[in-house]
Amino acid sequence: MDLYAENILDHFKNPRNKGEIVNPTVEHEEVNLSCGDKLTIQLSIENDVIKEIQWNGTGCAISIGATSILSEELEGKSVEEISELSMDDVKKLLGVPISQRRLKCAMLCLHTIKNTLHAIKNEAPQSWSETIGQNDEHNEK
Amino acid sequence: MVMFDLKQIRREFPILKEGTYLDSAATAQKPKIVIDALKNFYETENANVHRGMHTLSEKATAAFEGARTSVQKFINAKSSEEIVFTSGTTESINLVAKTWGKENVGEDDAIVLTLLEHHSNITPWIQLKDENDCAIEWVELDKDENINLTQLSEHLIKGNVKLVAVTGQSNVTGVRTPLKGIIKKAHEAGALVLVDAAQLIAHHPIDVQDLDCDFLALSGHKLYGPTGVGVLYGKRELLESMPPFLTGGGMIAEVKRDHFTCAGLPTKFEAGTPPIAQAVGLRIAIDWLSQFNWSDIEAHEQSLIEKAFQELNKIEGLTILGPSDPKNISGCISFSVDGIHPHDLTDIVGQKGVFMRAGHHCAQPLHEHYGIPASTRLSVGIYNNEDDIAKVAPAIEEAKKIFS
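So the sequence lines, in the order shown, correspond to chains A and B.
Our numbering numbers the first residue of the first sequence as 14 and each following residue consecutively.
Our numbering numbers the first residue of the second sequence as 164 and each following residue consecutively.
Only chain A is shown next, with the shape it has when bound in the complex:
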């Protein structure tokens, strides 16, 4: 199936949950330096449950589409459930094969949400290789 499937393009053109929470419980920004992509996630958490998620950022269709799709999944989930979210879960949500060259685009949302949770718990942020399970700090020539 095509990477630029209807679903991903729809989320890219009409992103869900893109905006701002006035008084978020937590806010965190991540960047994908090799592309110049930026993503900020804000969460409003009550009793360990995600009450609201808003995000803002710039990026390619894959990173924006994936963020929008993931954001719809997160509302109502517990912090615990999100902590266990894996790369495979995001791949399933996207429903299209993700090539190695686009993996970081697709996983910027996962990387950002993971580090948002680390921020809540005052933990050190995780590295990209922890997020995508390999040493993948690709740089450009």
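Source of the hints: derived by calculation from the structure; they are not laboratory data.
Some clues are possibly wrong.
[To be verified] So the derived list for chain B, only partly shown, Cβ under 10 Å to chain A, looks like this:
hint: 1; residue: Ile503
hint: 2; residue: Pro505
hint: 3; residue: Leu508
hint: 4; residue: Asp510
hint: 5; residue: Ile511
hint: 6; residue: Ala521
hint: 7; residue: His523
hint: 8; residue: Ala562
[As the list claims (entries may be wrong)] The calculated lysine to aspartate or glutamate pairs, modelled on DMTMM-like cross-linking and capped at a C-alpha distance of 20 Å, are:
hint: 9; chain 1: B; residue 1: Lys348; chain 2: B; residue 2: Asp375
hint: 10; chain 1: B; residue 1: Lys343; chain 2: B; residue 2: Asp373
hint: 11; chain 1: B; residue 1: Lys490; chain 2: B; residue 2: Glu549
hint: 12; chain 1: B; residue 1: Lys563; chain 2: A; residue 2: Asp15
hint: 13; chain 1: A; residue 1: Lys51; chain 2: B; residue 2: Asp501
hint: 14; chain 1: B; residue 1: Lys325; chain 2: B; residue 2: Glu351
hint: 15; chain 1: B; residue 1: Lys477; chain 2: B; residue 2: Asp501
hint: 16; chain 1: B; residue 1: Lys564; chain 2: A; residue 2: Asp15
hint: 17; chain 1: B; residue 1: Lys563; chain 2: A; residue 2: Glu19
hint: 18; chain 1: B; residue 1: Lys515; chain 2: A; residue 2: Asp15
hint: 19; chain 1: A; residue 1: Lys26; chain 2: B; residue 2: Glu560
hint: 20; chain 1: A; residue 1: Lys127; chain 2: A; residue 2: Asp101
hint: 21; chain 1: A; residue 1: Lys26; chain 2: B; residue 2: Asp501
hint: 22; chain 1: B; residue 1: Lys470; chain 2: B; residue 2: Glu560
hint: 23; chain 1: B; residue 1: Lys180; chain 2: B; residue 2: Asp199
hint: 24; chain 1: A; residue 1: Lys51; chain 2: B; residue 2: Glu531
hint: 25; chain 1: B; residue 1: Lys236; chain 2: B; residue 2: Asp450
hint: 26; chain 1: B; residue 1: Lys515; chain 2: A; residue 2: Glu19
hint: 27; chain 1: A; residue 1: Lys105; chain 2: A; residue 2: Glu94
hint: 28; chain 1: B; residue 1: Lys563; chain 2: A; residue 2: Asp23
hint: 29; chain 1: B; residue 1: Lys564; chain 2: A; residue 2: Asp23
hint: 30; chain 1: A; residue 1: Lys26; chain 2: B; residue 2: Glu561
hint: 31; chain 1: B; residue 1: Lys564; chain 2: A; residue 2: Glu19
hint: 32; chain 1: B; residue 1: Lys180; chain 2: B; residue 2: Glu549
hint: 33; chain 1: B; residue 1: Lys265; chain 2: B; residue 2: Asp296
Beta carbons are placed, not taken as given, at the ideal position from N, Cα and C, and that holds for glycine.
Go by the hints and put chain B onto chain A.
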């Protein structure tokens, strides 16, 4: 010299059947004769160079030193001792920054860089600034998108500039800098000049004596040669005055328990086993390229760039970075398309078999100047033809449809 027969040239590059390759600024493809040369070297001549008391070592040494002479002639250096083999342009520039720079650039001195530089001609100098506390002065662009020579003069007139580090040809906008004038100006102000020739080397003849540059760095793989080999040219008296870079085997004259002395040029800068087969491959690449007239190569590549410029310019929402006159562009054109991230654009076009590159092309300061994080780059080599260029615009139009 042979006739410039594009069909014949294309037949010599087996990989061209894999797709429309418009990414030669990143790395050029290799003619079969270069690929065969690597195999042949490993099958019939391979041994470590220097001091091996057997015939294979003698053959390998002759092949390696022969490669050095080929490079010397290709860039018209005075002597083969001025040709240091490195792993590529990056190592060549680091070598200068971390030896000559470390010893000669103090806290009252300045290094001049231009906005057209690749990161490999920026970061070694930032490291030098951090270590030696020197200044870095930037030369911005003028209205023609070339480097601002007035600003260069303003930096030089201060009298504290030790080195101007400048590219011969931008790997983003394809702008060629007026090297000869820059070098003359710099020398008048007592500054040396290092030329990053990584891009220029495959597209334009270089004569280091005529340019009078002090250092020049290049990579073999952008010159239709193998990866892993590059060159640092330096004027002999400079190379002689510099401390060694990496130390260890090969580069020494004598080692005692508490000190060592260095071998002469160029061995002093070639610690460890050098890229022998790669240097031999580079020699074959140089011989292969040298069978053509430069005027034929340049006319051919320029016509491709001009065609590409015209086709791209017709696309609504597409902005070309750099000069508005394609006559001032060589080798590559970078551009952005409204509403489509360069990674999406380049990926989609790539799926249609047209291989370009997306990103900041290791030139973030230049992209920052243009106010965008990344772009798509089309670059040409000797083997590209009009059909290759003709595939680009329709592929971009298709990508635009996906996002419309």
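Do the hints match the structure? See the list:
1. Ile503: holds, 8 Å
2. Pro505: holds, 8 Å
3. Leu508: Where the cut-off is 10 Å and the nearest Cβ of chain A is about 9 Å from B/Leu508, the hint holds.
4. Asp510: holds, 7 Å
5. Ile511: Since chain A brings a Cβ to about 7 Å from B/Ile511, closer than 10 Å, the hint holds.
6. Ala521: holds, 8 Å
7. His523: At about 7 Å, which falls below the 10 Å cut-off, the nearest Cβ of chain A leaves the hint on B/His523 intact, so it holds.
8. Ala562: holds, 9 Å
9. B/Lys348 / B/Asp375: holds, 11 Å
10. B/Lys343 / B/Asp373: Measuring from Cα to Cα gives roughly 8 Å; hence the hint holds.
11. B/Lys490 / B/Glu549: holds, 17 Å
12. B/Lys563 / A/Asp15: holds, 16 Å
13. A/Lys51 / B/Asp501: holds, 18 Å
14. B/Lys325 / B/Glu351: holds, 12 Å
15. B/Lys477 / B/Asp501: Holds. B/Lys477 to B/Asp501 sits at ~14 Å (cutoff 20 Å).
16. B/Lys564 / A/Asp15: holds, 15 Å
17. B/Lys563 / A/Glu19: holds, 15 Å
18. B/Lys515 / A/Asp15: holds, 12 Å
19. A/Lys26 / B/Glu560: Holds. A/Lys26 to B/Glu560 sits at ~18 Å (cutoff 20 Å).
20. A/Lys127 / A/Asp101: Holds, at about 14 Å.
21. A/Lys26 / B/Asp501: holds, 14 Å
22. B/Lys470 / B/Glu560: Measuring from Cα to Cα gives roughly 17 Å; hence the hint holds.
23. B/Lys180 / B/Asp199: holds, 18 Å
24. A/Lys51 / B/Glu531: Distance of about 15 Å is within 20 Å: holds.
25. B/Lys236 / B/Asp450: holds, 11 Å
26. B/Lys515 / A/Glu19: With Cα atoms ~19 Å apart, B/Lys515 and A/Glu19 stay inside 20 Å; holds.
27. A/Lys105 / A/Glu94: holds, 16 Å
28. B/Lys563 / A/Asp23: Since the Cα atoms of B/Lys563 and A/Asp23 sit roughly 15 Å apart, the hinted pair holds (cutoff 20 Å).
29. B/Lys564 / A/Asp23: With Cα atoms ~14 Å apart, B/Lys564 and A/Asp23 stay inside 20 Å; holds.
30. A/Lys26 / B/Glu561: With a Cα-Cα distance of about 17 Å, the restraint between A/Lys26 and B/Glu561 holds, given a limit of 20 Å.
31. B/Lys564 / A/Glu19: Within the cut-off at roughly 13 Å; holds.
32. B/Lys180 / B/Glu549: Given pair B/Lys180, B/Glu549 holds - Cα atoms ~16 Å apart, limit 20 Å.
33. B/Lys265 / B/Asp296: Status holds; Cα separation ~10 Å.
The earlier numbered hints are all upheld by this structure, with none contradicted.
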